[in-house]
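Q: Sequence:
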Amino acid sequence: MKRMAAFTVVVVALAAIPARAERPNIVFILADDLGWRDLSNEGSKFYESPNIDRIAREGMKFTRGYAACQVCSPSRASILTGKYPTKHGITTYIGDAAGEAWRSRKRYDSHLPAPYERNLRHSEITLAEALRDAGYRTFFAGKWHLGSKGSWPTDHGFEVNVGGWDAGSPIGGYFSPWKNPNLPPGPPGESLPLRLGRETANFIEQHRDEPFFVFLSFYSVHAPIQTTPQLWRKYRDKAEAMGLTKIRERFIFDRRLCVRQVQDCPIYAGMIETMDQAVGIVLQTLDRLSLADRTIVCFTSDNGGVSSGDAFSTSNLPLRGGKGRQWEGGIREPFYIKVPGLTRPGSTCDVPVHGIDWYPTLLELAGVSVPEQQDIDGVSLVPLLKGGTIPERPLFWHYPHYGNQGGEPSSILLEDRYWKLIFYHEDGRNELYNLKDDPGEQHDVAAQYPERTRRMRQKLDAWLKATGAKFPTPDPQFDPKKREARWQMLRTKGKAALERRHAAYLDPNFKPNKDWWGSVPMTRD
92 MKRMAAFTVV VVALAAIPAR AERPNIVFIL ADDLGWRDLS NEGSKFYESP NIDRIAREGM
152 KFTRGYAACQ VCSPSRASIL TGKYPTKHGI TTYIGDAAGE AWRSRKRYDS HLPAPYERNL
212 RHSEITLAEA LRDAGYRTFF AGKWHLGSKG SWPTDHGFEV NVGGWDAGSP IGGYFSPWKN
272 PNLPPGPPGE SLPLRLGRET ANFIEQHRDE PFFVFLSFYS VHAPIQTTPQ LWRKYRDKAE
332 AMGLTKIRER FIFDRRLCVR QVQDCPIYAG MIETMDQAVG IVLQTLDRLS LADRTIVCFT
392 SDNGGVSSGD AFSTSNLPLR GGKGRQWEGG IREPFYIKVP GLTRPGSTCD VPVHGIDWYP
452 TLLELAGVSV PEQQDIDGVS LVPLLKGGTI PERPLFWHYP HYGNQGGEPS SILLEDRYWK
512 LIFYHEDGRN ELYNLKDDPG EQHDVAAQYP ERTRRMRQKL DAWLKATGAK FPTPDPQFDP
572 KKREARWQML RTKGKAALER RHAAYLDPNF KPNKDWWGSV PMTRD
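Start counting the sequence shown at 92; every next residue gets the next number (the numbering used here).
The set of hints was computed from the structure by calculation and includes no laboratory data. Note that the structure is predicted; figures quoted are calculated from it, not measured. Keep in mind that a hint or two might mislead.
To be verified - 16 Å max Cα-Cα, derived EDC-like pairs, lysine to aspartate or glutamate:
| hint | residue 1 | residue 2 |
| --- | --- | --- |
| 1 | LYS197 | ASP566 |
| 2 | LYS477 | ASP441 |
| 3 | LYS240 | ASP257 |
| 4 | LYS270 | GLU281 |
| 5 | LYS550 | GLU517 |
| 6 | LYS178 | ASP466 |
With these hints in hand, go ahead and build the complete structure from the sequences.
A: See the structure below:
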């Protein structure tokens, strides 16, 4: 059994909180694989997200919000622990191949990925445990992907678990009957995200008179991409009206894989709308029960949008890359917090913030101290929510793996707000970008700023050592000719196949697979 921590009530900016029942409720909403540019309030002209936009409109939007990793499991663990992935040990999605097992993927890469933790450690005092032990009712719905049985949500502080288990994608798809040991299928054709929204709303209604922490963790918009005929038609017609059906080239090849350059996939757009409807169910429940004025609502995603790999479903432009990749498109996220009585509606903040910051921020807002035994890396964002400042600090990422989406083993340091160093573990090279002048990371300026590059690399190396980072190792069986042949195939035949498939989604006579508009998921992360 994990040793219980002692918690003390503190005075927070919301108000002095003398009694447990007066503490604010917390609704934390996490999307899966949703890119920074995938919401209408973030600039998308194709996707529609009025309910999620409402959270941003009524609270504070962080325009430089980051996930803790470019893939899901590490980011999710960091939200719940307040730690960098190097410290909780989950550095890639659980189920990914590491070491010599990587060779079975036939990628012909030069290195063998580092080992990693395959279950969230029970020694971690999660956000749910801290709040539960302080008197909160705790609820989890949706994607977990932080371990196998024995390391599910109810093993880490959540009293109720609806749908969280080993899998990182919706086994069986987004329409009932699905295959999930913790979420029985509903009527044939029932929507998974809408079901999760209703389950969350039901828990809120049942515990309306107690402080609650609900974590609504969508499987959406992870592959397989699936929607209804009605939503496909709506967005197919919208694409035509916008002139998008005339596009003949949707992809470019960027280093290791093709990358989508336009938002026009009607199936993916339908998925975003359905997830947004589910968010609306929860927000409307808070309104109906008169709980909105004492409920904190948060929204973010676990990694960048899938512009390459998986279903190749979206574009993160003007940011480079997407899920699994080391550029901004892989780690920049929607990042919204609404705190009644504290955040000014429509406010924005351009200070870089990170997934490790949710833990101390929500505990402070709840009037609960960070457990002494939990050595967190994040900082509370409450001063920013109040319109103030926090001390300047560097932010770090470490991904000693190969992304299924073309990402390279790398480590990242962001400092002075806009200077970003990427260190590549395969060949030891550094890239330096000034994100203020070059948000799309098109111009590596490491050669122009050798002293800054040297100093930042030194700081990054020190952090990696201090946090016990693990590294990929050279593969003695590496054959560069095989790797180059694979890349050449992806540049040519692979790209041509992608262009045909994605053009077909917009064909007026497009016929989906019989299993509810599915595309076979290419990965499990």
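Q: Tell me, in ascending order, the numbers of any earlier hints that this structure violates.
A: Result: hint 5 breaks, nothing else.
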